[in-house]
Every structure is written in structure tokens, then in C-alpha cells.
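2 protein chains.
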Amino acid sequence: MLKGDFTIPGESGYEELTLRLAKKWGADSVRDSDGTELSKDILDAGYSVYSTVCVIRGHNDWAKNHPEAWQQTFLMSEPVVAEGTEVEVPLMEGYFSEQFRIYDSPEALEWWQVFDRTDNCEIPAEKWSYRAGKGVVCIHGIDPWHTYTVNFLALRMWEEISMYNHVTNHWDSEHLVPIEPMHSSAAEYLLGWMDEWCRLHPVTSIVRFTSLFYNFAWIWGADESNRYRFTDWGSYDFTVSLPALKGFEAKYGWRMTSEDFINQGKLHSTHMPPDEKKRLWMDYINEFVTSLGRQLVNIVHSYGKKAYVFYDDSWIGIEPYGTRFTQIGFDGIIKCVFSGYETRMCAGVCTNIHEIRLHPYLFPVGLGGKPTFMEGGAPAEEALRYWVNIRRALLRQGVDRIGLGGYLHLTEDFPDFQDCIEKIGNEFRIIKQAHKECCPFTENNHVAVLHSWGALRPWTLSGHFHETFMHDLIHVMEALSGMAIKVSFIDFQDVVSKPLDRYHVIINAGCANDAWSGGKGWTSEVIEKLTGWVYNGGTFIGINEPSARSGYSHYFGMAHVLGVDMDPGDYVSHGKIAPKISEEKELETMGINLQWCWQMTDKSHVREKEGLFLTNKKTKVLALKNGKLAAALNSFGDGMGVYLSSFFYSPEQIRLLQTLIMKQSMIWTDNINIEAAWFPESRKLFVVNNSGSIQKTVIRCGDKSLRLTLKPYEMDLTTIENNIVEENHEKPFAAVGCLECE
Amino acid sequence: MLKGDFTIPGESGYEELTLRLAKKWGADSVRDSDGTELSKDILDAGYSVYSTVCVIRGHNDWAKNHPEAWQQTFLMSEPVVAEGTEVEVPLMEGYFSEQFRIYDSPEALEWWQVFDRTDNCEIPAEKWSYRAGKGVVCIHGIDPWHTYTVNFLALRMWEEISMYNHVTNHWDSEHLVPIEPMHSSAAEYLLGWMDEWCRLHPVTSIVRFTSLFYNFAWIWGADESNRYRFTDWGSYDFTVSLPALKGFEAKYGWRMTSEDFINQGKLHSTHMPPDEKKRLWMDYINEFVTSLGRQLVNIVHSYGKKAYVFYDDSWIGIEPYGTRFTQIGFDGIIKCVFSGYETRMCAGVCTNIHEIRLHPYLFPVGLGGKPTFMEGGAPAEEALRYWVNIRRALLRQGVDRIGLGGYLHLTEDFPDFQDCIEKIGNEFRIIKQAHKECCPFTENNHVAVLHSWGALRPWTLSGHFHETFMHDLIHVMEALSGMAIKVSFIDFQDVVSKPLDRYHVIINAGCANDAWSGGKGWTSEVIEKLTGWVYNGGTFIGINEPSARSGYSHYFGMAHVLGVDMDPGDYVSHGKIAPKISEEKELETMGINLQWCWQMTDKSHVREKEGLFLTNKKTKVLALKNGKLAAALNSFGDGMGVYLSSFFYSPEQIRLLQTLIMKQSMIWTDNINIEAAWFPESRKLFVVNNSGSIQKTVIRCGDKSLRLTLKPYEMDLTTIENNIVEENHEKPFAAVGCLECE
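Listed in order, the protein sequences are those of chains H and D.
Throughout the first sequence, residue numbering follows this note's numbering, covering 1 to 742 in sequence.
Throughout the second sequence, residue numbering follows this note's numbering, covering 1001 to 1742 in sequence.
In case anyone wonders, no lab produced these hints; they're calculated from the structure.
Just so it is clear, CB atoms sit at the ideal spot from N, CA and C, and this is done for glycine as well.
Treat the hints with care, as some may be off.
As the list claims (entries may be wrong) - Below are the EDC-like pairs computed for lysine to aspartate or glutamate, each with C-alpha atoms no more than 20 Å apart in a straight line:
1) D:K1520 with H:D567
2) D:K1134 with D:E1078
3) H:K580 with H:E608
4) H:K529 with D:E1093
5) D:K1520 with H:D119
6) H:K576 with D:E1086
7) D:K1618 with H:E83
8) D:K1529 with H:D119
To be verified - Calculated from the model, a selection of chain D residues having no Cβ within reach of chain H, i.e. all distances over 12 Å:
9) L1043
10) R1227
11) G1253
12) R1255
13) C1439
14) S1550
15) A1578
Construct the entire structure; sequences and hints are all you get.
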């Protein structure tokens, strides 16, 4: 049995348990957690030691003397309707006063702005004044009955991840202030502190940064029933500070304004297409984070330690898929994963070691406050449910390590969980071994996902699956993460400036004007290029409101390719072609075997979408929902447009997407709950049961077939010489081979 | 028993039937129909005679010699994707070739335009040429893979209403060409013809114009399965012609272009807010129609005949609610009605005689091709179903006459229909009599419906209920048409320029950017004025996407009043207040008895709408649909905002709306299927059962109460002295009185 490549969270006071489980799970490393320290017994047990450091917190003594070097952000007051020509706007109303404090130094005040949101115009400075005592801005000489807001700078008094853990676990320790490393005194302090830390932790072999400097934006409200006012895993709002703003101005010769961030109160969530200013700000922050990050990593290296980074929490500014990431010099990356796409997201980063943190975390309470390691919890089942999704992605692209986080003692009452993790660890190592031997077989299909972020932010929208489940694209990514195809992520600039002929399929899935559909990214140049590409044989798959843009004849810029358009109301007086399901033989003429497509028809998770209509009678209708168009195919030149009103991660829809992407495939199972991965050089065939029940299947691998029965969630590994049943196939398949490793 | 005020369609060959039914139904007038002529027996029977004339058709001999004076329109070709730098665009593809012919005279060609719809820009004339022989436009030197369309002028060869009847009834007579009265030779010809017609029809006492010159836009396609490519009862597209375009240019000094009408192929449906150019064109056409219409009416009057106009078919340019309508000099107006709002629409026109044409028409086939006067039809039931809606409107505002249309002999197999019409006729006359005696009681509630068309187009969207049922506002109008309140229609200019204090309630109901929500009509000035008005006690009721506008902090311009906003995607990362149904006692504090509101909760016709959220915790939630916000109330100053995600014409929702409009009312029934109207001076109380089953109710009228049981669809007329049961009421009611007749 293989061992190692497993990081266990050590727990002081539970040394025996730590060591017993370390052995059971085959751990080779032990780590501390947020709020814990490893005891000597554990440190001395011969495991390599991970230590977590969150650079910007835990310096309260220093911070108290340097309030100008606390982290900051812009906030917008609640809108207030003026009942006369004067109005008083309370700034902090609705915000969590333990997280934010008004930053009203004379210098900070220079950045404040006041807006008439009815007119969408700024109120000149002479019309408003700040009353520090009351925490309000008074505006005068204004239009009554308009709505007014104030953009103000706030100091962040409580590092957000620590705040979350503190509040959730009812800690009573001192609140940790996040310090702003853009402030030169803070940067200098931190470099000294890092050196000191390394010196004081000789046992630590790996410093795990959690992560560098800037938390994703997490703005809390005063109201506990609506605590999270704004949560965006990819947002740069918490990188704002006076030093950053001034540094930007010094560098570019012009100022960002508060409104460039506040954006009418909407902020710039990752779900919006980033504008040029946002991209520039991100680049500016990324350059700084890279530079100071490299200095910290250099210190770690100078002590002979490795530096890993956590691809969560304070990851903002690091951009692991950005061009500067390797300059920081991290030796590894650790990502907390629930799903297949996150596994790919970790695996694809250019670094030596990729480690995934499995779920559930060893906490009493899990997602959405549901019990995990307490009465009513079923952590083993939960772990397996995540694992089947992670496993199918791991079969496509391996990672180097796995691990857990949290409090080990909580597993004591759940021996089935302890067994389950042992099993998962073993499966992981078998898969890792296979990847060491050779690349898995990849079908000759290269899919590009087209969205506003492109290659900078592949394999994610903004956070975990359960945080972004309302977006079709996350379901698409999750489906793609386990498919035997090459997947790339491209943006609209890539479409215009790079060749598209490498791609067989391009997918665009989102809502009008969001970052995933693309909004203004849909220029004529993009449409022109994609249209020609489809005409010459490409398949364009559009989901929900693909290529949507306003002000044109068609709402979907690619309507002519999709054979489907959507009417936001302009065509209400126009007749529409009544959509009728096309016959199977019509679809077969398009080279598509649609036995799987029928499975999505009338499924409850197909979206009933208003306003969809066929642009011509030749478009083939795949599915209706309550009589309304839900899925269609349109031949266009040598290529094809595919429209789906929604995409939902399920065995049926994975198979549907697979069918639409690959007209024929090398590896195939006749049971949608079973998937297979083929490692041609080692001749290993992995077969996985993604369901919680016994499943039978025939697996076709090239011209061979294999019959198998798998237990719930089972992974079967066989070599192709065993148990082969010869079968006839009408069509020859491409030779088995390794196309390319990403 | 009252008699008269009834127009029967005479039918040649069925003289006896005509006369028998005329007697049974109490008819005093007999009319001919499209395609029929009255025989001498009928003409001699002593009834006054209506003759229908459709001015612009039936002149084929003249038309053949004046092809330049045929009616025209702009059409847009089907979009074509260019596969290279040249493309050929077939113009007539998809259009019904019996309706349209390419108008390619050198003068006509000057108005054609060619567009790149991908770029949304015009292709200069030197890059395209028309090939008459092939009916195509060739475009060269263009961007490949863009989509191209051609706007061209077409001659209309077949008057559309005649075309419809012809095709539906399989006539084989000659197609009637519509002639263009803007052409001076046509106008001259028509005036002569009118005179001649009057001279040749001495028996006719009333000339019923069907209607004047321009049909509503009805563009037919070649494909029978999608025949009606564009249907808009209120559109001016069929007023376009070379003479009209040139006349406009001569008058204003600048040209309208084809694109001003084609609008990217969307055309300017009535459901879009009209822009300034459209308003100007409408005004220009209206001025012409008024002028020539007056000359025709003068001729009719000079023969001692009356002139009525049909408020359907070729009504475009007449605008019965426009400022010029009375100048034409019509003696009466006739409107074909299915519903209450159409009844009010007819009743409110400033003219002497208002006649409503009841449904079903005496045709074998009715709406949507369903059987009426043939096997499988149930015309009596159909007539009653329409009648109950018409009746509740008639109780609010009377009309002068009723009538039927079609082929009388078809009723022979349906004696129950003959009886039903007799009963309807009698009820109509009893209601008319009551209106003669005094005005019905109106509660002290003045409601304004706010939309882009305002007072110019009250009591309609664009056509019949079954054509516009997808719009909430038609349901609202239908509900309002039978309520004991004053109703006005206002536009956005009215909000800014006129006092609002006369209104108690303002309703805005529509989808973002449509004419009913208002789109760009929602300026800051409008929001400012309405906000102040609500603050001072007004109630703003917003339905579906009220006050929606793009580019601002809030999507609903009135979000601060409604307490509800909608997120088109910008706030996906923001926390939302979880909506929970408010308790009844919370609502009572707002002065609203919401026993009826609960009836709408979880009803299937409440719309589940994505993206709605509460803007504050004070907003009271009235209804959820599948957990999503569906209805809410928000106190604002002394007034209130009400949000409904949808409105559906039903007894429950009529009562809901009534409750939201009137905090207390003089007349009230405890059964939602029963409504009552009170004529205070005559002391007549009408009680109607709108349902097809027996209903019991207590009717409260001021401080009196009455118990009644009504048969299906029954109308009960009593005077308030009879059968009174005294009951106690906690609150005194306003004195019974007649507020105002519209």
C-alpha cells in the first residue's frame, strides 16, 4: 500500500490521536491550524511540519501605534431620500461596527464622494460636510426627493477570516487588526517579523502562507439575519487604502476615485466584466503583492524552509494564473476544494507541489450552518460526495498531495469518517501513481470556455460551487473537469488576437452583461471571428444568455449561429416559429447520437426561459420546457451552433455535454453514473462509480469492451489485458495516445 | 320592456330570419357586413340602415391605372450572413407575395437602406446595387461573417382586413388594392367617389366608416405556420408611402429614413415607448387623416346622413383620444369589444353615439380558429363570458348602443344563443336607462395609470385582451374597468408638468423598457415628483418591472418607495434580506384590511420572478411564490408603495387591487364573484354575479346591508328601500353621491 502525500492537522492535547490517525491515513506532514499550535510530542514525531502564517494579522501591538497602516476599503452609505433641500446621511448605518470604522483623517476625506443616485451625478464638495461627532454627512442645496449616498473610506479593524472563525466559534480573544503592507513602515515591519518568525520556528519545514496580504471582499452588516452584505471571492475591494491610492496616482499620473470602486453601490463583483480601470488596478496590486511576496519567500528560503501558498482567504493580488506568479517563488500551492473544477484549478497552477484540502473541515458545523462533526452530521457521506467529484477531475489531471484541516478530536465519534479518509487517501495515491507513469488518454477535442476573465481566472467563477450554483457556467466547468478532453479558458481579446483553429468547441454560458456571458466583450470583431470559425467546422455552445448584447438587431450576437435568439420585449408583436421537438433521425444527420439528449427533456432542472425563439425553421429543437424552447442545434456551414437554456451538473447533463462536444469517442460507458479514464502507456483503466448505489456497465475502450459491476462510489482499477470481451464496432477509433499534458 | 339601441347585421337570402331576430332582439338598425349587401325586403322594413364603407378599397379599376397611388410600407429583408466580401440579399424571402411587391421605382429606391446589423451601421450606397430581375440586393466590399439586411419599400397589393376575410373564408373574388389617399389624385378620386356613393345609397341613414385610411400594421409571411410576422393594432407602419415621406420632408425640412421605421427589424410596436420621431410622424399622419376625413364626413352630412367610425381595422391616424378627433365630425363611434376595458375605451371617446360590437361574431370559426357557430361551438356561453366583463364596465360608464356582426343564418342552429342575446340586450337597456337617470356612485379614489402613451391611448395596450394577455397592464385595466373609482391615464410628461394631487393612486405596470413600464420616461424629474407625491400621501402601485431603468444604482427608479428592487445581475454578490410573509396585524397598521390579499398567496397565476429583493427590513411582505418575493407594501412618508410581481385578471386579484386602492369603501360585497353598482339619485342598486355558478352574498351599501342569492351570470336590480337589513359598522362612510362623470 502506498503511503504519504497527506497533510494531517495536528491538535495539541490529542497527541495520541494525531499520531494514530497520521499512521492510519498515511500522513507524512502535520500542520497547525488557525488558532492552534502544535505541541512538542507531535513536532518530535518525525513528520515534516507545516506551519500556517497569516502575514498581515497578529501584529496588534505594532498596529496600535500605526493606525495609518491598517487595512482599509471604500464603503457606500445606505441611500437616503432627501425630504427637503438638506439631508443627513449616516455613514455606518447597516455596517458591522466591529469590522469597520470611518476613516476621516484630512487625507482620507479627500477621497470621499457624495452622489445623487437619482440623477447619477456627484454632489460638489462645497455642498456637503462631514460631522465627525455624529458620523454623518450633511448635504445642502440639493434636489428634494432624490436619493443620496456617500462613498467614504473605512478602516478595517478585524481581519476577516479570523473574524469569521472568532464569531462562529465564539472566541473571546483579541480582535486581530489586518495591517496594510503598502504602507512602507508596515512592509518593513513585516520583513523583519518574517525573519524573526523563521528563526523562532526551526522545526517548521514548510511555511504555509494563508495567504499573502489581501482578503477577498467580505463586507459584513450589522444585521445578523443578513450578515454578509457583500461576499466576492475574487474582488479587489479590500486592496484599497490611502497608500495604495496614492501609489497608483504616483505611478500613472491620474487618480482612481472612490466611485471607481463603489460603482453605484454595486461594487465590481467578479461576476461583472472587468473594465479597463479595474484591470489596471488589479495589475498594480498584483505587481506590489508579487514584489513584497517574493521578499518574504526569499526570507523563508534563506532558512532552508519551503513556502507554500493557500489559494483562498487572502489570495487577492496573488493571481496564481497571472504572469507574475512564478516570480514570487512559492514551492507549492494549497487549495481548499469541494469539487472537480477546484481540483483542476489547483492542479493547473504553475508550481511544484499542488495540494488539495478536502472537505468537510473538521469543524462541528459545516456549510450553511449544518451539523457535520456533531449530532445529525454524516461527515463520511459528505466527504465521499465531494470526493467523487474531485476524483473524476483528478483522473484528468493529478495533484501532489491531499490534506485535511480543523480539529482532529472531532473525528473521534465518527470512526466511519476515519475509515473513509483512509480509503480516499489510498485512492488518491493510486491515481497519483498512474499520472507519474504516463498521461491519461485525451480525446481529440479541445474545448475553450469563453468569458471575460479568460486564462487569468480559469476553472472558477468566484468561490465554491455552493456559492455560485446559480450560474450555469460553474455547472459546465464541473462537468468539464472530469472529461477526457483538453480544456482552455479564453477571453474576448484572445478571440480577436489569437488563432481559433486549435479549438473544436467554444462554450459561452452566462446571463446578459455578466462576466460569463461577456457583455460588451461581444464586439463585432469577436462575432465575426467566431462566425467564420463555426462556418469552418467549429461548434459554438451557448447557454442561457450567450453573446447577449443590447442595441442590436439580435439580442444574442451569435443568434445566426445558434438558430435561437431571445426577445427582451422588442419583438412582442412579431410572430414566432412554434418550436417542436425534432425527430431523432433529423439529428443523426448532424452526426450526433442524441440518446443522452432526450434524458434532459422535461427534467425539472431545465430552465423555462421567457422570450426564446427560433430564428429559422431549420434549427433542430432538442428540448422544450412547458412548451417553451429549451435546447436546439443549428447547422452553420461545416459547423454547428448549440443552444441550451440552462446547464445543471448531473450525470445526464454531463453526458449531454459530452455528446455535444465529441461526435465519437474512444472511451465510453453505457451507464451515465460510470466514467472511465485510460492511461495508455501503463495500460491502466480506471472505472469510477459516481453514484451511491451499485452500478453495472459495459465500458468500451477503443475496440475492446469490458463488463463491470461497481459498488457505491467504488473506483475500479484494471489493466486492459484482463477480462476483455471482444465486440464489434462499426467505426474505427483513433489510436490510443497521450495528446498533451496541460 | 325597453327596446331599440341595437344594430343587427342583415343578411340577404335570410330576410325572414333577419326580421324575426330584429324583433326578438329589439333592433332598431340593420347593417350590412364586409362582403354582404342588404336586400330590398330588409331595407324596406322600416329600420334605420347602417352601411359599411371601407374608403380605401374597392377601387381596383382606378388603382390599376395609378400604381403610384397604392398603399405602401417599409419592409426589412431576412438577415443574411456574408460568407465573403460580397453577399446577395433576397428581399421578399419570407414575405407573403400576395400582400407585398417590391417597390423599385427610381424614386422609391432613393429610400432604401442597407445595413450591417453586426456593426449596426449603414452600408454606403456605392457598395450595393439592386438587381430587379432577381429581386435581390448585391452588396460588395464588406466584412465577411457579418449579418446584412436591406430596408426596402413595398407596395401593398391587398387590403389586409379583406385579405384576412378572403383567406379565412376561402373567397375567390378579386383582391382589393388599398389606395393611398396621401397621393393627391387618390384623395380627389375618393372625394368624388364618396359623393357618388351617397347619391347611390339614399336608404342609408348611417355611413359606418371601416374605418378611414390606414390599417394597423399586419405583415404576413409566406409560411402558413407562422403567417403573422408582425401584428400591431396601434402601429403606424402602414401609413408609410412615398407621398407621405415626401410630404413630411416638405413640411419639416428633414427626411424620415426607412430605418426610422424599420428600427433594426424590430419596427416600433405600440409596446415600445414612442420616440420623438414616431410621435411627430403620428401627428403628421393624424393631421392628414383629420383633414381628409373631415371632407368625407362633410359629404356624408351634406346628404343628411350620419357618419360613424369603426374604432378598429383602418383606425390608424384617427386617434379617437387625440386632440383633433372631434374636428373630423363623426356622429358616433363603434368598437368591437370582448372585454371591460374595450367598453370603457369606446365609452370614453368624445362623440355623440357609442356603440359596442359584441362577440362572438357570427362566423363559423372564432378566436384562434376555434369553432363558434359550428359543431363543437358554444356561442351562447362565449357571449355570456364576454358579457360579464363588458357589463361590469358598462355599470361604470354607459354606452348608447350594442350590435352584432357577421352572418345571421349561422345562429339558426343555436337558439340558446338567440335567447342569450335577447337577455343581454335587455340587461344593456336597463343599465343604459340607469345612466340616463343619474351617474353611478364613485368612491373618492382617483387612480392614474402611468405609461408612455398616457391620455392619447387610454384603456388599451394594442388590441384585444387575448392578444395582449401576456402584459400585466391589460389585466389591471380590465380590473379597473369595473371599479367604482375614477380612472385617468397619464404619461411621463404629465407627471412633470401637471399637478398630481388629484390622484390617490398611481399605477405603473410593465416590463423594463416597454411602453407600459416606461423605459427612458423614468427621468429624475419624474421620480422626484412622484416621490414627493407618495410622501404626501399617495399610493404608488408598481407591477412586474415598474419604473425600471438601466445605469443607475437601483433598477427600479421607485425602489425607495416600493421597498423592493430587482437585480439584473449586478448585486449577485450582495446579501439579501430573506423575505418572510408579514403578519396580518402588521398590515392592519397600514390601514389595509388584507383578507383578500391572502387569496393571492401561492396562487398559480402569481409570477415567480427572479432577482427581486427587499431594499429594507421595514417593507411588509404580502406574498411569496416558491419562496421568492411576489408582493410587498412599504410605508413612505404619509403614503405607500405597493409592489406586485404580476397581476392577473381574476376575482381574487380584482379584489386585491380594490383593497390596495381603497382603504375603505362605500359599496362592498363579501363574495368576490359578486360586484355591485349604486345609482344614488334613482336609488338603484345593481348586483351582478360574474361567475357561472349560484352565489350568495351580503352587499353593504353605506350603512345598509342586503342579502342576496344570484343565479349564474345574473344581474339583479333592486332599489335600496327594499329588503334592507340594518347592520352596525364601526366606521362611518362617506355620504353617497355622484362624484363626477367622465
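Hints versus structure:
1. As the CA atoms of K1520 (chain D) and D567 (chain H) are separated by approximately 19 Å, the hinted pair is consistent with the 20 Å bound.
2. A C-alpha spacing of about 15 Å is found between K1134 (chain D) and E1078 (chain D), which places the hinted pair at or below 20 Å, so the restraint holds.
3. As the CA atoms of K580 (chain H) and E608 (chain H) are separated by approximately 15 Å, the hinted pair is consistent with the 20 Å bound.
4. Annotation: proposed proximity of K529 (chain H) to E1093 (chain D) is violated, straight-line Cα distance about 27 Å (limit 20 Å).
5. Between the alpha carbons of K1520 (chain D) and D119 (chain H) the distance comes to roughly 13 Å, so the proposed pair stays at or under 20 Å and holds.
6. The suggested pairing of K576 (chain H) with E1086 (chain D) is violated, with an alpha-carbon distance near 29 Å, which exceeds 20 Å.
7. A C-alpha spacing of about 18 Å is found between K1618 (chain D) and E83 (chain H), which places the hinted pair at or below 20 Å, so the restraint holds.
8. A distance of roughly 13 Å separates the Cα atoms of K1529 (chain D) and D119 (chain H); the hinted pair therefore holds under the 20 Å criterion.
9. The Cβ of L1043 (chain D) sits about 41 Å from the closest Cβ of chain H, beyond the 12 Å cut-off, so the non-interface label holds.
10. Some Cβ of chain H comes within 12 Å of the Cβ of R1227 (chain D); the nearest lies about 7 Å off, and the non-interface call is violated.
11. Every CB of chain H lies more than 12 Å from the CB of G1253 (chain D), the least distance being 29 Å, so the non-interface label holds.
12. Annotated as non-interface, R1255 (chain D) keeps its C-beta farther than 12 Å from every C-beta of chain H; the closest such distance is 22 Å.
13. With a minimum CB-CB distance of about 36 Å to chain H, C1439 (chain D) clears the 12 Å threshold, and the non-interface call stands.
14. Distance to chain H contradicts S1550 (chain D) as a non-interface residue, since its nearest Cβ pair spans about 8 Å, not more than 12 Å.
15. Residue placement check: A1578 (chain D) does not keep its beta carbon more than 12 Å from all beta carbons of chain H (closest about 7 Å).
The structure shown violates the earlier hints numbered 4, 6, 10, 14 and 15.
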